[in-house]
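Those protein sequence lines, which keep their order, are chains A and B.
Our numbering numbers the first residue of the first sequence as 1 and each following residue consecutively.
Our numbering numbers the first residue of the second sequence as 1 and each following residue consecutively.
Be careful, since some hints might not be right.
[Stated by the list, open to error] Derived pair list, reagent style PhoX-like, types lysine-lysine, alpha-carbon separation capped at 25 angstroms: (1) K230/A <-> K242/B; (2) K35/B <-> K2/A; (3) K2/A <-> K87/B; (4) K228/A <-> K153/B; (5) K230/A <-> K76/B; (6) K81/B <-> K228/A; (7) K251/A <-> K35/B; (8) K130/B <-> K228/A; (9) K88/B <-> K4/A.
[Stated by the list, open to error] Okay, the calculated bits of chain A under chain B, using three or more residues with CB under 8 angstroms as the criterion: (10) 48–55; (11) 83–94; (12) 224–236.
Rather than coming from a laboratory, the hints here were simulated on the basis of the structure.
Just so it is clear, CB atoms sit at the ideal spot from N, CA and C, and this is done for glycine as well.
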Amino acid sequence: MKLKTENGGFFVTSAEILSIKPAAEKIFLMEIKHEKISSLARPGQFVHIYCGGGTSIRRPFSIFSKTGDCIEIIFRVVGRGTEILSRKRKGDSVDLIAPLGNGFPVVCGRPLFVAGGLGVAPLHFLSLATAAGVFIYGTKRKNEIIPIESLKASGHKVVILCEETEGKKVTDIMEEYLNDCDVVFSAGPAKMMKKIAEICLKKKKKCFLSMEERMGCGIGLCRSCVVKTKTGYKRVCVDGPVFPAETVDWKDV
Amino acid sequence: MYDTVRFAGLEIKNPFIAASGCFGYGWEFPALSEKFGAVVAKTITVKPREGNSPPRIFEVPGGVINRVGLQNCGLKNFAEKHLPRLKKIGTTVIVSIFGENFRQWAELIGTLEKEVAALELNLSCPNLNKQILTKNPEKCGNIVEKLRKLTDKPLIAKINAVDSPAAVSSLLSDRGIDAIVCSNTIPARVELNGRIYKGGLSGRLIKNFVLKAIREIRKKSDVPIAACGGIRGLKDVDDYRKAGADVFVLGSVLLRQPDILPLEKNIDSEGDIV
């Protein structure tokens, strides 16, 4: 069924898996066919999947891209739910609520994307729809890097960084690119985003972050997935996942 | 497709109720809310509460542990912004309330009673940094006795399945409560990254405890009972009906399947304890 919201609504439905393939160590790329979800989906939004196998709550995954009547997600196998999901095959169906969340705002100017780990997913989707900029993507280990070279075709300079082999993190090099950009978009581990928010606030750069928190319903009802902001706890699922950096209260992170 | 039922002096259009805490303020998705016989808005307190710091939710095999901590916008905001929207939905409106003392309970009842069909007294929230009220039945009884005098609207007590549910229910029934909801989430602890968190356990894991509690309550008392604990299909409803329950409250299953009504056979029943 479709449910209405102020930002276009979402579907509670099942959809067909068009493909599932490994993208890196324990990381999978899954293509899901649903024309209406795909047409609504905006960068920064996520899908909330019921993985089955006796799990009790859904798992949220950022949308990696959309093409025609499909959306793509990436996920890492970290527990029971994602383990079950990774065993799905082409032609199987997946139970999902999507698209959810507020997504990134449309900002004019030259963007700088800073992705850590699976934070690459929402930024990859976003970068397909913006002006040309710089895309910095860091992972801990080399075998965790998923291929995003295709972004060069959209005119972005792509910088891939692996902490294990290069001994540097994305936050060590982002300032080199900061002066040439008008806005920063980031997604990844909380500590990384905290650092990025600090850098951007100091340099007075506009910055938007896709936040993560353990999630329940995904549609704003249970108030499980909150982040602390300057105006109190906000729900990642409906008030976010994207927040302007200056609104987040980082004291507890 | 369902029959109208009488519960706690109310006539509700079907025996399924959306549990407090799992369904926001009840009006957010009218297309979902209107399917329920009644909707219980999340617990309202006199002053706004910001709730606990995250993490607030944990999945455990067969269930969910939450420690939201009664985050809510406070009585004034709720009455002005949320209640009017909730009342526009074609379903029976129940609001869960919690007071820290008699004055607060009285203020909540005074402000809300004319606007709602019934009030649910949250006597068993496990996520407050104080003793759960139902652990002290006599204190609960005294609160209910005093609150009973403040309103003619049905008062429903939310208790849990582990703190002497039968004794608490018959005591509260004697003091004027109109119905019992059993169970709230059950106090539990969970470990994450080496830290222990206290929360409330819900989901199919607690069904057998709640069934047992309801059988015991029914043995001792005729008080109307709303069963709440791991319901996710008609098999569970049937089990609770046999145990003595009158209506059926859907809680954490709504996090997974907000559109679960109309109920069908149990989802994921394989391997269940029966």
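Query raised in the report: Holds or violated: K88/B with K4/A, Cα cutoff 25 angstroms?
Result: With Cα atoms ~16 angstroms apart, K88/B and K4/A stay inside 25 angstroms; holds.
**Report entry** Verdict on chain B covering the region 83–94 of chain A, criterion of 3 CB contacts below 8 angstroms
**Finding:** violated (count 0)
Query raised in the report: Holds or violated: are the alpha carbons of K251/A and K35/B at most 25 angstroms from each other?
Result: violated (42 angstroms)
Query raised in the report: Are K130/B and K228/A close enough, with their CA atoms no more than 25 angstroms apart?
Result: Given pair K130/B, K228/A holds - Cα atoms ~24 angstroms apart, limit 25 angstroms.
Query raised in the report: Keeping to a limit of 25 angstroms between CA atoms, is the pair of K2/A and K87/B held or broken?
Result: Roughly 22 angstroms between the alpha carbons, so the hint for K2/A and K87/B holds.
Query raised in the report: For the pair supplied as a hint, K230/A and K242/B, is the alpha-carbon distance within the 25 angstroms limit?
Result: Judged against 25 angstroms, a Cα distance of about 50 angstroms means the pair is violated.
Query raised in the report: Are K35/B and K2/A close enough, with their CA atoms no more than 25 angstroms apart?
Result: holds (15 angstroms)
Report task. Tell me if chain B covers the region 224–236 of chain A under the three-residue, 8 angstroms CB rule, please? Result -> holds (count 7)
Query raised in the report: If you look at each residue in the region 48–55 of chain A, do at least three have a Cβ nearer than 8 angstroms to any Cβ of chain B?
Result: holds (count 4)
Query - Pair hint outcome, K81/B versus K228/A [Cα-Cα no greater than 25 angstroms] - result: holds (23 angstroms)
Report task. Take a quick look at whether K230/A and K76/B sit within 25 angstroms of each other, Cα to Cα. Result -> Holds: K230/A and K76/B sit about 22 angstroms apart, inside 25 angstroms.
Query raised in the report: When you check the alpha-carbon spacing of K228/A and K153/B, does it fall within 25 angstroms?
Result: violated (38 angstroms)
The structure is inconsistent with the numbered hints 1, 4, 7 and 11, although it conforms to all the rest.
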